[in-house]
Each structure stands twice: as C-alpha cells, then as structure tokens.
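So you can see what is in the structure, the chains are spelled out below.
There are 4 protein chains.
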Amino acid sequence: MRILFLGDVMGRGGRKAVVERLPGLRAELKADFVVVNGENASGGMGLTGGHASLLFEAGADCVTLGDHAFDQKEMLSHIDGDDRILRPLNYAKVAPGRGARIFEVSRGRRVLVVQALGQVFMKRPFDDPFSAVEAELKRAPLGGRVNATLVDIHAEATSEKMAMGHWCDGRASVVVGTHTHVPTGDAQVLPKGTAYMTDAGMCGDYDSVIGMTKDEPLRRFITGMPKGRFQPAEGEATLSGLFVETDDATGKALACAPVRVGGRLAEARPA
Amino acid sequence: MRILFLGDVMGRGGRKAVVERLPGLRAELKADFVVVNGENASGGMGLTGGHASLLFEAGADCVTLGDHAFDQKEMLSHIDGDDRILRPLNYAKVAPGRGARIFEVSRGRRVLVVQALGQVFMKRPFDDPFSAVEAELKRAPLGGRVNATLVDIHAEATSEKMAMGHWCDGRASVVVGTHTHVPTGDAQVLPKGTAYMTDAGMCGDYDSVIGMTKDEPLRRFITGMPKGRFQPAEGEATLSGLFVETDDATGKALACAPVRVGGRLAEARPA
Amino acid sequence: MRILFLGDVMGRGGRKAVVERLPGLRAELKADFVVVNGENASGGMGLTGGHASLLFEAGADCVTLGDHAFDQKEMLSHIDGDDRILRPLNYAKVAPGRGARIFEVSRGRRVLVVQALGQVFMKRPFDDPFSAVEAELKRAPLGGRVNATLVDIHAEATSEKMAMGHWCDGRASVVVGTHTHVPTGDAQVLPKGTAYMTDAGMCGDYDSVIGMTKDEPLRRFITGMPKGRFQPAEGEATLSGLFVETDDATGKALACAPVRVGGRLAEARPA
Amino acid sequence: MRILFLGDVMGRGGRKAVVERLPGLRAELKADFVVVNGENASGGMGLTGGHASLLFEAGADCVTLGDHAFDQKEMLSHIDGDDRILRPLNYAKVAPGRGARIFEVSRGRRVLVVQALGQVFMKRPFDDPFSAVEAELKRAPLGGRVNATLVDIHAEATSEKMAMGHWCDGRASVVVGTHTHVPTGDAQVLPKGTAYMTDAGMCGDYDSVIGMTKDEPLRRFITGMPKGRFQPAEGEATLSGLFVETDDATGKALACAPVRVGGRLAEARPA
Ligand SMILES: [Fe+2]
Ligand SMILES: [Fe+2]
Ligand SMILES: [Fe+2]
Ligand SMILES: [Fe+2]
Ligand SMILES: [Fe+2]
Ligand SMILES: [Fe+2]
Ligand SMILES: [Fe+2]
Ligand SMILES: [Fe+2]
Numbered sequence: 001m002r003i004l005f006l007g008d009v010m011g012r013g014g015r016k017a018v019v020e021r022l023p024g025l026r027a028e029l030k031a032d033f034v035v036v037n038g039e040n041a042s043g044g045m046g047l048t049g050g051h052a053s054l055l056f057e058a059g060a061d062c063v064t065l066g067d068h069a070f071d072q073k074e075m076l077s078h079i080d081g082d083d084r085i086l087r088p089l090n091y092a093k094v095a096p097g098r099g100a101r102i103f104e105v106s107r108g109r110r111v112l113v114v115q116a117l118g119q120v121f122m123k124r125p126f127d128d129p130f131s132a133v134e135a136e137l138k139r140a141p142l143g144g145r146v147n148a149t150l151v152d153i154h155a156e157a158t159s160e161k162m163a164m165g166h167w168c169d170g171r172a173s174v175v176v177g178t179h180t181h182v183p184t185g186d187a188q189v190l191p192k193g194t195a196y197m198t199d200a201g202m203c204g205d206y207d208s209v210i211g212m213t214k215d216e217p218l219r220r221f222i223t224g225m226p227k228g229r230f231q232p233a234e235g236e237a238t239l240s241g242l243f244v245e246t247d248d249a250t251g252k253a254l255a256c257a258p259v260r261v262g263g264r265l266a267e268a269r270p271a
Numbered sequence: 001m002r003i004l005f006l007g008d009v010m011g012r013g014g015r016k017a018v019v020e021r022l023p024g025l026r027a028e029l030k031a032d033f034v035v036v037n038g039e040n041a042s043g044g045m046g047l048t049g050g051h052a053s054l055l056f057e058a059g060a061d062c063v064t065l066g067d068h069a070f071d072q073k074e075m076l077s078h079i080d081g082d083d084r085i086l087r088p089l090n091y092a093k094v095a096p097g098r099g100a101r102i103f104e105v106s107r108g109r110r111v112l113v114v115q116a117l118g119q120v121f122m123k124r125p126f127d128d129p130f131s132a133v134e135a136e137l138k139r140a141p142l143g144g145r146v147n148a149t150l151v152d153i154h155a156e157a158t159s160e161k162m163a164m165g166h167w168c169d170g171r172a173s174v175v176v177g178t179h180t181h182v183p184t185g186d187a188q189v190l191p192k193g194t195a196y197m198t199d200a201g202m203c204g205d206y207d208s209v210i211g212m213t214k215d216e217p218l219r220r221f222i223t224g225m226p227k228g229r230f231q232p233a234e235g236e237a238t239l240s241g242l243f244v245e246t247d248d249a250t251g252k253a254l255a256c257a258p259v260r261v262g263g264r265l266a267e268a269r270p271a
Numbered sequence: 001m002r003i004l005f006l007g008d009v010m011g012r013g014g015r016k017a018v019v020e021r022l023p024g025l026r027a028e029l030k031a032d033f034v035v036v037n038g039e040n041a042s043g044g045m046g047l048t049g050g051h052a053s054l055l056f057e058a059g060a061d062c063v064t065l066g067d068h069a070f071d072q073k074e075m076l077s078h079i080d081g082d083d084r085i086l087r088p089l090n091y092a093k094v095a096p097g098r099g100a101r102i103f104e105v106s107r108g109r110r111v112l113v114v115q116a117l118g119q120v121f122m123k124r125p126f127d128d129p130f131s132a133v134e135a136e137l138k139r140a141p142l143g144g145r146v147n148a149t150l151v152d153i154h155a156e157a158t159s160e161k162m163a164m165g166h167w168c169d170g171r172a173s174v175v176v177g178t179h180t181h182v183p184t185g186d187a188q189v190l191p192k193g194t195a196y197m198t199d200a201g202m203c204g205d206y207d208s209v210i211g212m213t214k215d216e217p218l219r220r221f222i223t224g225m226p227k228g229r230f231q232p233a234e235g236e237a238t239l240s241g242l243f244v245e246t247d248d249a250t251g252k253a254l255a256c257a258p259v260r261v262g263g264r265l266a267e268a269r270p271a
Numbered sequence: 001m002r003i004l005f006l007g008d009v010m011g012r013g014g015r016k017a018v019v020e021r022l023p024g025l026r027a028e029l030k031a032d033f034v035v036v037n038g039e040n041a042s043g044g045m046g047l048t049g050g051h052a053s054l055l056f057e058a059g060a061d062c063v064t065l066g067d068h069a070f071d072q073k074e075m076l077s078h079i080d081g082d083d084r085i086l087r088p089l090n091y092a093k094v095a096p097g098r099g100a101r102i103f104e105v106s107r108g109r110r111v112l113v114v115q116a117l118g119q120v121f122m123k124r125p126f127d128d129p130f131s132a133v134e135a136e137l138k139r140a141p142l143g144g145r146v147n148a149t150l151v152d153i154h155a156e157a158t159s160e161k162m163a164m165g166h167w168c169d170g171r172a173s174v175v176v177g178t179h180t181h182v183p184t185g186d187a188q189v190l191p192k193g194t195a196y197m198t199d200a201g202m203c204g205d206y207d208s209v210i211g212m213t214k215d216e217p218l219r220r221f222i223t224g225m226p227k228g229r230f231q232p233a234e235g236e237a238t239l240s241g242l243f244v245e246t247d248d249a250t251g252k253a254l255a256c257a258p259v260r261v262g263g264r265l266a267e268a269r270p271a
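Residue numbers (the UniProt record's numbering), protein chains in the order written: chain A, 1 to 271; chain B, 1 to 271; chain C, 1 to 271; chain D, 1 to 271.
Check the hints yourself; a few may be wrong.
If chains are identical, the list can't say which one is meant, so a pair holds when it fits in one copy or spans any two.
[Unchecked claim] With a straight-line Cα cutoff of 16 Å, these simulated EDC-like cross-link-like pairs (lysine to aspartate or glutamate) come out: (1) K73 with E234; (2) K16 with E234; (3) K227 with D82; (4) K214 with D169; (5) K227 with D215; (6) K73 with E28; (7) K192 with D207.
The set of hints was computed from the structure by calculation and includes no laboratory data.
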C-alpha cells in the first residue's frame with residue numbers, strides 16, 4: 001500500500017498549499033491512503049468543520065488532530081459526526097471523538113490509524129501514550145485484521161518519539177511524529193519493519209517561527225513581554241510529510257522517504 | 001568560506017565515525033573551518049580532554065559543548081587550557097571557559113563561533129540567550145571584525161531555535177541548532193543571508209533512543225520505572241550536520257545543505 | 001475517629017524525631033490511626049524495609065510513599081510483603097504494591113487510605129490522579145464500607161492539591177498534601193465536611209533547603225553548577241502534620257488542626 | 001521597625017478585605033511599613049492604577065507585583081509614574097518600572113524593598129534571581145544605607161524560596177515568598193537574623209482553587225478540557241501575610257509571626 005502522511009497544516013497558507021498541491025501529489029505518488037494532520041488549519045489553532053471538508057476534498061482520507069484538537073469549539077460537536085477525523089487517544093477521558101479507527105481502502109484493504117499525545121515537555125499533562133497505543137495495536141494486529149497501521153505520535157521530545165517508534169517496531173507500518181512543525185531528516189525503516197520519521201514537519205510557511213508570523217514570537221523571546229497575538233505566516237507554504245510503501249500481506253514497510261514540496265524548503269520526493 | 005558543522009558526537013560510536021570519516025569529509029568538501037559539538041562524546045555525557053584531542057586530530061577546528069558541558073568533571077579544569085573548546089555563553093555565571101571566540105582561518109580570515117543554551121523545556125534554568133548572543137554579534141560585526149559567524153543554539157524547542165535564527169538573520173553566517181539529537185530537514189538560507197537548520201542531528205547510531213541503547217529508555221517510558229543506566233548505542237554512527245558556503249566579504253551565506261554520512265540514515269551531501 | 005498524619009520523614013534526623021516523639025504524641029492526642037509519609041526516610045531518598053519498621057514501631061499504622069517510592073531498590077520487593085505500606089495509585093502501571101487499602105481500627109472501624117501523585121510540575125509524567133482517586137472513593141464509600149477515608153495527594157502545585165480537596169469534599173474525611181516539604185497554614189474543614197491542608201510539611205530540619213543540608217542546593221542555585229551530593233540536614237527535626245477528628249457514622253471531619261512539634265518551627269497542637 | 005507584608009490580593013474579594021481590614025490591622029500592629037503584593041488584585045490578573053490607589057489608601061506603603069505584573073496593560077505606562085509600585089527585578093530586560101527601591105519611613109529610617117521571580121516551575125523563563133537580588137543587597141547594605149530590607153521572592157518551588165532565604169540570611173531583614181496563594185506554616189528567624197516564610201499566602205477566598213471559583217479549575221483537572229474562564233472567588237477573603245519586628249540599628253529580625261485575619265482560615269496574629 002502506498003501511504004502519504006502530511007504534517008500540521010498551518011492556517012490559511014497551509015490550507016491553500018494542501019488544496020492546490022495535494023490532488024496532484026496524491027496522483028503522482030499513486031497514494032492509496034492519505035492522512036493529514038489538521039490541528040492548526042484554522043487560524044493556527046484547531047480545525048473547523050468547514051476547513052476539515054477542504055482537506056478531505058483535496059484528497060485526505062483521514063485527518064488527525066493534536067493538543068489543539070478543540071481550540072475551535074465547534075469541533076467538540078463536529079467530530080462525532082465525521083468518523084474520518086481522529087483526536088489523540090489520550091487527549092482526555094471525556095473528550096468527544098475517537099483516537100483510533102480502521103479505514104477501508106481500495107481492494108478490500110484496511111488501515112488502522114492511531115494518534116496519541118506525548119507526555120514530555122507538553123503544556124498540559126496527558127496519560128501514558130505507550131499503553132494506549134499498544135491496546136489499539138493488539139486489538140487489530142498487523143497482518144491480521146489490518147493490512148497497514150499508521151501511528152501519529154504528537155509530541156515534543158525526540159526521545160519519546162523515537163521510543164514510540166521502537167515500541168511499535170514490527171507492530172505498525174508507520175510511526176510518524178507531529179507537533180514540532182519542523183520536518184526531521186531521519187526517515188528510515190526500523191529493524192523490524194516500521195517506517196519511522198521523528199517529525200513530519202508542518203504544511204506551512206518556513207519563513208516564520210513554527211508557522212507564525214515572526215514579529216510577536218521574536219518580541220516575546222527578546223523582550224520577555226507579549227504585545228499582540230500570534231498570527232499564521234502568510235508566505236508560500238511547503239507541504240511536508242512522509243511517504244511510505246508497505247507490504248499488504250505483512251503490513252511491514254518496504255521503503256519510506258520524506259516529502260517536501262513548494263515554499264522555501266529544499267524539495268524532497270520519493271525516488 | 002566553506003564551513004562544516006557536525007552535531008552532538010555520541011559516545012564511542014560517534015567518536016569512531018568522526019575519527020574514521022571526518023578527515024575524508026573535510027577534504028572532499030574542501031572545508032576551511034570545522035566545528036563539532038562534543039557534549040556527548042564521552043560515554044554519552046560530557047567530554048574528556050582525551051576525547052577532545054581525538055576530535056581535533058580528526059579535523060575539528062573548534063569543539064562546542066552544551067548542557068552536558070561539565071558532566072565529565074575534568075573539563076572544569078581542562079577548558080581554560082584549550083581555547084578551541086567553547087561552552088555555552090549562558091551556561092552559568094561562574095563556569096570556567098568561554099562561550100564565544102574568534103578563530104583564525106587560512107588567508108587571514110576570521111570566524112566568530114558562539115554557543116548559547118535555550119531556555120524552553122530545558123531541565124535547568126538558564127539566562128536569556130538572545131541578549132547574550134546579540135552582545136557577541138555586536139562586539140564582532142559580520143563583514144567587519146569577522147568574515148563569518150557561526151551560532152550553535154543548543155536548545156530543545158523548535159520555536160526558540162527558529163526565533164534565534166531570525167534574530168541573527170543577516171548578522172551571523174550560520175545559526176545551527178543542537179541538543180535534540182535528530183537532524184531536521186529544514187536547511188535554508190533565511191531572507192537576510194543567514195544559513196539556518198533547526199538541528200544538526202547527532203553523530204551517533206540512529207537505531208537507538210537519541211543515541212542511547214533502546215532497552216533502558218523504552219523500559220522507563222513503558223513501565224514508568226528505571227532499572228539500569230543509559231548506555232550509548234554501539235551500532236554504526238551516522239555523521240550528521242550542516243555544510244555552508246559563505247561570502248568572505250559580507251559574511252552572508254551563499255548556500256547550505258545537510259550532511260549525513262554512514263550508518264542508517266539516507267545519505268546527504270552538498271550538491 | 002482521631003487521625004494523625006505526619007508529612008515526609010526526612011533522613012536520619014526525621015526518623016529520630018519520629019522515634020522519639022511519635023509515641024508520646026500519639027498518646028497525647030489519643031490518636032486512633034496514624035499515617036506517616038516515609039518517602040524520604042532513608043538518606044532523603046526512598047525507604048528501606050528496616051526504616052519502615054522503625055516508623056511502624058514508633059506508632060505508624062500506615063506508611064505512604066511518593067515519587068521517591070522506589071529510590072531504595074529493596075522497596076521493590078519489600079512492599080508486596082507489607083500491606084501497611086502504600087505507594088501512589090498512579091505511580092506506574094507495573095509498580096509493585098498498592099495505592100489504596102482499607103485498615104482495621106479499634107472497635108471494628110475501618111479506614112481507607114489512598115495516595116496519588118499530582119501531574120503538575122512533577123519531574124516525571126504520571127496518569128490522571130483525579131479519576132484514580134475517585135475510583136477508590138466509589139469502591140468504598142464514606143459512611144458505607146468505611147468509617148473514614150484519608151487521601152494523601154503527593155503533588156507540587158497548590159492548584160492541583162486544592163482541586164483534589166474540593167473534588168473529594170464530602171467523599172473523604174481528610175485530603176492532605178505532601179511533597180513540598182513545607183507545612184501550609186491553611187488547615188480547614190471544607191464546606192461538605194472534608195478536612196484539608198495543602199501540605200503537611202516534612203518531619204525534618206527546617207534550617208535547610210527542603211530538608212537537605214544547605215551548601216549543595218545553594219551552590220547549585222547560585223552558581224548553576226553542581227559539585228557534591230544532597231545530604232539530609234542533621235539539625236533537630238520538627239514533626240509536622242495534621243490532626244483530624246471525624247464522625248464515625250458519617251465519616252465527615254469535625255475539626256482539624258496543624259501539628260508541629262520540636263525543632264525550629266513554632267509549635268502547633270490541636271486545642 | 002515593625003513591618004507587615006500581605007500576600008497576593010485576589011480580585012474584588014481580596015481588595016474588599018484589604019480596604020476594610022488593613023487600616024485597623026495596621027493600627028493594631030503599630031506597623032511602620034506595609035508591603036502588599038498586588039499582582040492579582042484586578043480580576044485575578046494584574047493590577048490597574050485605580051486598584052493600586054485603593055491599596056495605598058488602605059495603608060500600603062509599597063505594592064509589589066509578580067509574573068502577572070502587566071496582565072492589565074495600563075500598568076505598562078502607570079508604573080513609571082508611581083515609584084511605590086515594584087515589579088520583579090528579573091521580569092524582563094525591557095520592562096518598565098523597577099524591581100528595587102528604598103522607601104523613607106518615620107524618624108528618618110529607610111527600607112529597601114526588592115522583588116524577584118523564581119526560575120523553577122514557572123511558565124515563562126526568567127534570568128537568575130540570586131545574582132539580581134545580591135546586587136541590590138550589596139548596593140544598600142543592611143545596617144549601612146538602610147535600616148531594613150524586605151525581599152519578596154515570587155516563586156513556585158519551596159526549594160528555590162528556602163535557598164533564597166538562606167542566601168539572604170543576615171543580609172536582609174525579611175525574605176517572604178509569594179505566588180502559590182497558600183500561606184505556609186514555617187515562619188521563623190533564620191540563624192543569621194533574617195525573618196523567613198516560604199509563602200505569605202493570598203488575600204483571597206480560601207474556598208476556591210488558589211483564589212479562583214472552583215468550577216472551571218476542577219473541570220479542567222477532571223475532564224482535561226477547558227470550558228469557561230477563571231473568575232476570582234467571591235466568598236469572604238482571608239488577609240494573609242507575615243509580621244516582622246526588626247532592630248533599626250542592625251536590620252536583623254527580632255521576631256516574626258504569620259498573620260491571618262477573616263474568612264475561612266484559622267486566625268493568626270502576632271503574640
Ligand atoms: Fe501543530
Ligand atoms: Fe501540537
Ligand atoms: Fe547532546
Ligand atoms: Fe544537550
Ligand atoms: Fe518528599
Ligand atoms: Fe515527593
Ligand atoms: Fe499571585
Ligand atoms: Fe504569581
């Protein structure tokens with residue numbers, strides 16, 4: 001199976017890049033299944049139902065969220081009506097929506113998508129993601145109930161994300177990180193067959209501070225005093241993510257490669 | 001000027017990769033100046049004088065440290081006897097050694113190297129790195145007292161590192177991050193001429209948890225309980241860093257590209 | 001029922017104060033049930049089986065622990081052989097021992113003791129204590145299966161501890177905090193009948209930095225650089241805690257008052 | 001000299017308690033100098049000029065702030081016009097206002113007041129408070145330029161506050177903590193003559209979560225999801241603080257005692 005994952009879509013610029021480029025990219029890569037992280041698609045904070053629709057129309061089969069899942073309050077009611085949207089498994093015990101779901105893909109194939117939040121360096125506390133993810137992997141074993149499994153580990157610390165990669169190695173097809181808004185250069189297939197990349201990066205303007213217009217974040221770092229609000233940067237966005245090819249029988253990854261298209265970053269496409 | 005920067009050398013495996021591969025890499029890239037981050041070169045924690053010598057013999061002109069600067073106690077006395085070793089500017093008011101120094105390069109050229117620690121998500125508190133770095137940049141302006149300036153921002157948060165890049169944009173030739181042990185895929189020349197990469201990555205084994213053998217970190221994440229010590233992973237290391245070409249007159253970056261050689265990660269070399 | 005709770009016993013000085021003063025204090029207060037937090041009793045870090053015995057012999061009916069529960073490795077095997085010792089409910093999924101237990105008291109009365117760790121500002125992440133504590137309260141309702149319930153909330157943040165107090169108000173007889181090693185002056189019976197005190201304080205030497213000899217902590221704060229180890233301060237310890245009188249029928253608190261005996265702090269005893 | 005310090009005034013209820021009770025308390029204690037922490041006096045967040053006036057009219061000679069110093073934007077311009085208001089020394093390099101000032105008291109006596117922010121567990125990073133405070137103590141030595149010195153250490157961690165107490169011991173008359181909104185029961189004169197109390201507590205309603213109406217903080221802790229805003233609790237406030245008597249010649253503390261008047265907490269007054 002050919003799977004494309006795109007990292008945190010950042011505001012209007014990120015949405016525009018997805019709308020304009022994802023259809024072509026999906027076709028070019030002959031992707032069977034596309035997952036897009038949408039936690040920052042609406043004004044940089046959360047996701048509205050309308051913007052979720054844009055992402056699906058552009059070619060996403062599944063949209064994952066993150067710690068900003070419900071920054072747009074309408075998502076609290078919207079999520080239970082659209083089972084293509086996932087919030088982290090361990091977001092909160094009472095959160096609406098779900099953190100894992102099996103999707104049907106062409107030719108009867110099935111893909112499990114799981115999202116979990118890390119605990120290290122996060123602004124709010126969340127329960128242990130390792131046991132939460134494992135429960136889902138056991139419920140739908142790779143090569144058994146599902147042909148592929150993708151885990152979106154939404155976390156800050158590289159240590160926690162690498163640990164999640166190894167913890168799932170051989171039990172998931174893909175473990176890909178989100179949340180830092182910077183793509184990593186470490187895409188690899190781990191020893192037991194899981195494609196891994198510490199962070200997919202954002203779909204946003206990289207002449208920015210993690211996707212926000214530079215002025216206010218710089219002011220806060222330099223003066224220690226806030227003045228205005230954060231605003232998503234409006235320069236051309238780079239689509240950033242990971243492409244993975246898996247074996248439908250075993251669910252193991254055969255190859256993976258970073259994807260970076262448009263905007264300021266050096267282009268990267270699967271060979 | 002052709003500048004090569006290599007990220008955190010991790011234990012014996014990292015040292016071995018530097019010793020075996022840096023001489024050839026330096027020659028191949030015709031590098032004029034090489035900076036290596038050595039904060040984890042000795043057992044994954046700190047740097048001994050002996051291991052510093054290995055790095056210099058292999059081709060480093062300057063070795064930077066980080067939050068682990070003095071984990072090996074002998075560095076407390078060693079550093080003042082070797083002015084090629086820098087510790088972060090804002091490590092501690094009473095720390096021995098220095099955080100910035102001008103190095104002489106061939107043909108009378110001069111390079112300022114500065115290292116600073118970030119404040120966000122660090123285990124210990126440090127004073128503001130932005131004002132500390134700026135003081136050094138003003139003392140030796142680019143295109144004035146120095147032909148090139150490299151800032152090693154040793155920090156966890158992508159936001160703080162991107163902010164440092166923009167803060168120095170046009171005033172430093174290179175701002176490169178260290179500390180997360182994962183290379184980023186965002187190498188770029190910022191609008192005013194500073195080469196930037198959020199993290200250089202480690203020179204270490206990427207089948208690991210940030211360079212440490214997987215067992216103990218995994219145990220801690222999964223069970224919540226420590227059992228043994230962290231040990232550097234011993235698999236083949238990938239040398240990871242950033243290559244930058246600068247204009248000797250203006251000090252601005254002309255181009256930059258990630259460097260990844262050996263080990264598990266996909267190879268990257270300047271075009 | 002008359003319940004005495006003593007906060008974190010700190011090293012040799014803390015043990016000595018418990019051994020010398022607790023028997024008399026227990027008699028004087030006619031306490032029916034005594035709980036002592038022992039997480040720092042052995043060298044300031046953890047609790048050995050031998051030191052646990054000392055606390056029981058001096059008059060403790062139950063010993064609670066905390067984030068330092070297993071700093072003394074022998075507690076990993078000892079705890080399952082002594083059901084008077086509790087570790088936090090949410091310490092780790094695989095931790096030995098238990099986080100809640102019902103104790104038999106004179107005249108057929110039963111007391112539930114529960115300990116949980118906070119999540120805010122703790123050095124390691126722990127799962128949500130609120131749902132964990134609630135499950136225990138529901139399993140053995142106050143005025144039903146048990147005559148009294150004491151919750152030891154081992155946490156840093158005053159906000160989280162006050163929230164736990166209100167969350168349990170009317171469902172526990174006592175919610176008392178530990179971990180900061182400083183007694184608070186806010187002992188009160190909350191509106192629905194739960195005795196509450198944000199922190200019981202330590203049984204330790206208050207001419208110290210949270211019970212440790214001043215030199216090394218001061219050096220670290222002032223110079224930013226560690227030099228030696230932390231050592232428990234050896235001056236005379238103050239026993240510090242909370243005394244509560246409850247109604248055996250309803251389990252509600254009738255009155256509560258801080259207890260401070262010996263050492264440097266102003267003495268406090270129930271009227 | 002007789003010095004009264006009151007902790008963080010919390011919203012309308014806290015202001016009301018100060019206005020109604022401080023004049024009488026000041027008279028009763030024959031206080032020569034009164035310092036009130038006002039960082040939460042306006043809606044629980046920051047301080048307006050108008051509310052500052054209320055505190056001064058009620059009997060404050062000096063008002064200190066904290067991490068919430070400029071939550072009310074008007075304080076940014078107001079503070080430089082009223083030198084009785086201090087913000088933390090290490091709030092930010094560019095912050096308006098000052099962090100230390102000498103006040104004239106009756107009979108030609110002079111009092112230095114200093115405020116600093118801690119670094120441990122704070123939501124934003126601040127520069128080292130220890131060196132900042134020391135510089136002020138050296139500029140106006142106790143028993144030399146000033147008859148008394150009061151340090152308000154606005155910090156979360158008990159360890160950092162106790163360390164500041166010992167660091168200033170013999171060099172300040174009083175070191176008193178603020179920020180946690182819970183009074184501690186550890187008021188004492190340290191070995192070299194500094195009166196010390198880890199936290200003065202808030203002037204607010206103690207049937208609350210650190211002064212805020214319980215509902216929203218409880219919802220956030222229990223469900224992990226915010227719903228509304230924090231609102232200061234409106235029940236009767238307890239004035240909470242520390243009273244210290246000092247020797248005008250040496251500046252050393254002769255005695256100290258907690259002050260708690262009104263509201264839910266057990267009353268405390270100097271003997
Ligand atoms: Fe994001
Ligand atoms: Fe996020
Ligand atoms: Fe490192
Ligand atoms: Fe580091
Ligand atoms: Fe403790
Ligand atoms: Fe503790
Ligand atoms: Fe406050
Ligand atoms: Fe505060």
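Status of the hints after comparison with the structure:
| no. | hint | verdict |
| --- | --- | --- |
| 1 | K73 with E234 | neither (24 Å within a copy, 28 Å between copies) |
| 2 | K16 with E234 | within (10 Å within a copy, 45 Å between copies) |
| 3 | K227 with D82 | neither (38 Å within a copy, 22 Å between copies) |
| 4 | K214 with D169 | between (38 Å within a copy, 12 Å between copies) |
| 5 | K227 with D215 | within (10 Å within a copy, 30 Å between copies) |
| 6 | K73 with E28 | neither (36 Å within a copy, 53 Å between copies) |
| 7 | K192 with D207 | between (37 Å within a copy, 11 Å between copies) |
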